[in-house]
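Asker: Chain by chain, the residues:
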Amino acid sequence: AQKVTQAQTEISVVEKEDVTLDCVYETRDTTYYLFWYKQPPSGELVFLIRRNSFDEQNEISGRYSWNFQKSTSSFNFTITASQVVDSAVYFCALSEGFSNSGYALNFGKGTSLLVTP
Amino acid sequence: DGGITQSPKYLFRKEGQNVTLSCEQNLNHDAMYWYRQDPGQGLRLIYYSQIVNDFQKGDIAEGYSVSREKKESFPLTVTSAQKNPTAFYLCASSTRDSGNTIYFGEGSWLTVV
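Residue numbers (our numbering), protein chains in the order written: chain A, 1 to 117; chain B, 1 to 113.
To be clear, the hints were calculated from the coordinates, so they are not data collected in a lab.
For clarity, every value in this text was computed on a predicted model and none was experimentally measured.
Any given hint might turn out to be false.
To be verified - The calculated DSS-like cross-link candidates involving lysine-lysine, where the alpha carbons are at most 25 Å apart (straight line), are:
#1 K71(B) - K14(B)
#2 K9(B) - K38(A)
#3 K70(B) - K109(A)
#4 K83(B) - K109(A)
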């Protein structure tokens, strides 16, 4: 069963627009961790943020912000005033603590963001 | 610089041949992972290792093999038994000291010709 759902396959915005990437997760664990990664065209996955299940405070880092809501099992990512350099594929991922797969991540299928000038 | 190094970046394989992808990390991380990425599929776990001389199968281990003889090294062999090996392969590592956040290498592209 899909544990992480990123319903938006592709998003295209014009530079300076705000954009929100959605992530919905599924888990029965009370302790878990949520992540966002960025994958630019070069291919490397860049870690953006890690959130544990006990911390529902929203996070802001420059133009990036994250909204974690346990009530809706969502961990959405917003880019404010988007820039061309934000163009990439963004992955949401879930780690259910130590499990049969160690601390490995369950990834969503990713959202491809294209920011045009 | 500290990080995860994968080599080669690009690799071409003839059908029926085994190939080995290298992954080295100097982060002193205990755990290492191999993921496979196909277009539109996200990342899927192949193998992982929590400590030296121990490793476990992930979701798609068939046709792959690994070894963990040293803490810093976790090579992946794509065997001829893997029917559809063309993909992007990502190596990663983590440690409890960093909250088990997984960090990735730059990846290796494997193409079967």
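Asker: Does each hint fit the structure? Answer for all of them.
Answerer: Comparing the hints with the structure gives:
no. : hint             : result
1   : K71(B) - K14(B)  : violated (31 Å)
2   : K9(B) - K38(A)   : holds (19 Å)
3   : K70(B) - K109(A) : violated (32 Å)
4   : K83(B) - K109(A) : holds (22 Å)
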